[in-house]
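There are 2 protein chains.
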Amino acid sequence: MRSSVVVSIGNELLNGFTLNSNLREISRILTIAGYQVARGIVVRDDPQEIGWAMDVSVDYDLVITTGGLGPTFDDITISSIAEHFGLKLVRNGEALKLIENWYRKIGVVLTEERLKMAMMPEGARVIRNSRGAAPAMMLSWNKCTIISVPGVPVEAISIMEDLLEDLRVPGSHNGERVYRVEGAMESRIAPSLKTAMERISGRVYIKSHPEGSESGVPGIVLQVTSSGDSKDEVEGLLDMTEKVLEELLSPLKLSHHSGRDIKS
Amino acid sequence: MRSSVVVSIGNELLNGFTLNSNLREISRILTIAGYQVARGIVVRDDPQEIGWAMDVSVDYDLVITTGGLGPTFDDITISSIAEHFGLKLVRNGEALKLIENWYRKIGVVLTEERLKMAMMPEGARVIRNSRGAAPAMMLSWNKCTIISVPGVPVEAISIMEDLLEDLRVPGSHNGERVYRVEGAMESRIAPSLKTAMERISGRVYIKSHPEGSESGVPGIVLQVTSSGDSKDEVEGLLDMTEKVLEELLSPLKLSHHSGRDIKS
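As you go down the protein sequences, you meet chains W and P in turn. The end of the first sequence is residue 656 by the working numbering, with every number in the run present. The end of the second sequence is residue 656 by the working numbering, with every number in the run present.
I should point out that these hints are in silico values taken from the structure, not numbers from a laboratory. Backbone N, C-alpha and C define an ideal beta-carbon position, used for all residues, glycine too. Careful, some of the hints might be misleading.
[Claimed, not checked] Have a look at the derived ranges for each label pair, beta carbon to beta carbon:
no.	chain 1	residue 1	chain 2	residue 2	range
1	P	R595	W	D447	38 to 44 Å
2	P	V546	W	D438	31 to 37 Å
3	P	G611	W	K497	16 to 22 Å
4	P	H649	W	R591	38 to 44 Å
5	W	R595	P	L502	30 to 36 Å
6	W	E504	P	L556	21 to 27 Å
7	W	K645	P	K645	35 to 41 Å
8	P	R595	W	G594	41 to 47 Å
9	P	G563	W	R591	24 to 30 Å
10	W	E603	P	K480	33 to 39 Å
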């Protein structure tokens, strides 16, 4: 299975100001595309920290960075990545055209700060940002693909959704089903979950999430995930798991928790 | 300034299921306590990954881990930390007492899975969890303090808030003010922010957050943070910055953005 790392960049993620919603949304998209998200890393707007994040991620197949692509002095993601890999930063003609078009459309003149967003490492591919000024970047380094998107969630997610079909791992299928179990604490059903996973020979993963806490208020959400070579195989594994869980958890009822399934 | 790392543990944080709200809340508490949160790390429920997270964090003053303290088979944070540092896992009498009291209070019997939560590394200090069954843990390793709290947000945050006064760095004061600037794009005010920071000799940090995007809809949130040896010093720096920003951004208006200040 191909693996990926999400690197979130910005002081505001580490001082209580901003919730890192991009990690969840990007993880969701990458999971649908057939990747395992192996790690998330959150670093400050600091070239050395961004370099460290690259260092510990570049052995994975795919690295997505969010944040630090804008016009302000502390938007340093692209320059820090270029520096880390020893790549020259050049004004990218395609990025420049996208930025010119964006500001022309909204009737605003170009300034030095705005032009900074056209600087890209040599050899980088530019990706259009349909929701904002700063273009995204795609860079290959050995076997790793590095994609840098802006931190503004609506921009980050729309770019990643545009890229989904390009990123999809051929032949990889993921499935997820989410259930709710009423009337039990997590610690009571824990042995059954372990048994169920063993019966399906480790080909599905079952994670329980207490709703609230072990406070006596019963309610557990079960997340069952699986991956395989075809949609049928994955659905078969999930069907089998559902039956095993119903049997093991009886007389507790397993109810389908709608609206939370990840589509494959 | 003392520095810290927040390690979030759980597959559900890396597959699109769960939003990592603990990182923001714990970062907020640590910032108030006088720490810089240097990094956030999110890893899967995997002993090697948890070991790696320890490896890259243990040179900082303080490491907070969230998640993986419960009764299920994949709650492996404590055992993975013990294994990483070569510490023996023992049944901790104090943890056992807390767990027994918790289940007695809610009228539930102890099982093997529930007793698992009393296993702690030798030498660890147990911290009471007033909102859930799983006790938290504090461990010293060289100069680093490692604190492991549950992943359920209400439990994690109540434990961290209980610990705030114990963790507070003596003589360290942090201040933050948040403003809104109407009628400008981020790229227009970028040079003024840089100038303002230079005028205060780098003793304050100004971060701009576009509301929406560079889409022509004007609205920028400015977050000004500072730290110093006394509350008066910090307040003085923030007052000075406010005046400089008002002057540099004029005729744009700086309005106080209420309800977002971090209390020091």
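Of the numbered hints stated earlier in the document, which are not met by this structure?
1, 4, 6, 7, 8, 9
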